[in-house]
Amino acid sequence: MIVAVILLAVITIAFKAVGPAVLGDREFPPRLRAAVDALPVALLAGLLAVGLLGPGWRTFDWTVLPGLALAVALRLWRRSPLTCVVAGVAATAVVRALPWG
Amino acid sequence: MATTDAPPGGWRAGFRTGAALGAGGFLLAVSFGAFAVTNGWPAWLAILMSAVAFAGSAQFALVAAYGGGGLGPGLVSAGLMNLRFVPMGAATARYLHGGPLRRAVEGQAVVDASWVAAQRSDGGLDRELMIAATMMQWPAWVAGTAVGALAVPGTELIHTIGLDLVFPAFFAVLLVDSLTAAPTLLPVAVAGAAVAAGACRIMPTGVALVLAAGAVAVTAWQRR
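Residue numbers (numbering that gives the first Met the number 0), protein chains in the order written: chain P, 0 to 100; chain C, 0 to 223.
So that you can see chain P by itself, here it is in the shape it has in the complex (with noise of 0.2 Å):
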């Protein structure tokens, strides 16, 4: 296991350093860097995907969707982050404590 701990620590630093260093002084073509400026969304949208479906599809919980309404909701109303995210999990509990929940 302490093995997997530095291997790990040896990839993730090795893959946030490889663009800064490699890249930095490039610039790069209006059609490329369209497609990296899109890449925040499309990693976040494929994360939120990820983070509630879960591997095979395994890990799915209707009962996260009130709060995480919630969370959205709230963001729109321009609230802060971490109110929405508190509001949310608030949320999913009081979900979980009902009857259906």
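Bear in mind the hints are in silico, worked out from the structure with no lab data behind them.
Owing to the predicted nature of the structure, the values given are computational and were not obtained by experimental measurement.
A few of these clues could be false.
Claimed, not checked - Derived Cβ-Cβ restraints for the label pairs, each shown as a range: (1) G123(C) <-> V93(P): 38 to 46 Å; (2) G71(C) <-> T58(P): 20 to 28 Å; (3) T58(P) <-> H96(C): 38 to 46 Å; (4) G39(C) <-> P28(P): 47 to 55 Å; (5) V93(P) <-> V51(C): 34 to 42 Å; (6) G98(C) <-> W61(P): 48 to 56 Å.
C-beta: ideal position from N, C-alpha, C; glycine also.
Dock chain C against chain P, hints included.
Only chain C this time, still in chain P's reference frame:
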């Protein structure tokens, strides 16, 4: 220090943003610490992992896959999960300071939440905000892992009090921010979610995330 001519944002905004992100990260780290220990990892090793790797979802992937197959599958899953840092780092490179070595060091500040929070409306990246936000999140991540690993709230308790929502809610909030700043990227978000959802049905989640990154191909179609 580039604080005097920094656009709105900068170090101070980064510390503020990082404090808020760190609070959310702390909750997620508590769940990671508990997850690792309940999967047979010593508490000290879970804490060490958070300290030296600081790799969020990859740490979850490593622990989950290690239990199901050992070192090889664990590292492949975690590595695939972290592959996104290569293009994210490339997109960040032009905004970092110094030569290759310094940029490689500053590039360690690239974590999902800080990187997204540092995106400016003009398409640039606020280097100071990203670094400051990451500096705030790292101790929160390590401390949260320690609390989770040493106190070990049961998975039943995590479920009951809704802590498992932290991860998706956090990314949903960041996604709202990104789409508010760039509404034209909505098709990219839809495509990314669809690809990841379809892929994680039959593939490791790390692979699904890498494939989701391919949704940026939509931008090429939009520019035609």
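Hints and how they fare:
1. G123(C) <-> V93(P): 38 to 46 Å: Holds, since G123(C) and V93(P) (Cβ atoms, about 41 Å apart) stay within the stated range.
2. G71(C) <-> T58(P): 20 to 28 Å: holds (23 Å)
3. T58(P) <-> H96(C): 38 to 46 Å: holds (41 Å)
4. G39(C) <-> P28(P): 47 to 55 Å: holds (48 Å)
5. V93(P) <-> V51(C): 34 to 42 Å: holds (38 Å)
6. G98(C) <-> W61(P): 48 to 56 Å: Given range 48 to 56 Å: holds, Cβ gap about 51 Å.
In this structure, every one of the numbered hints holds.
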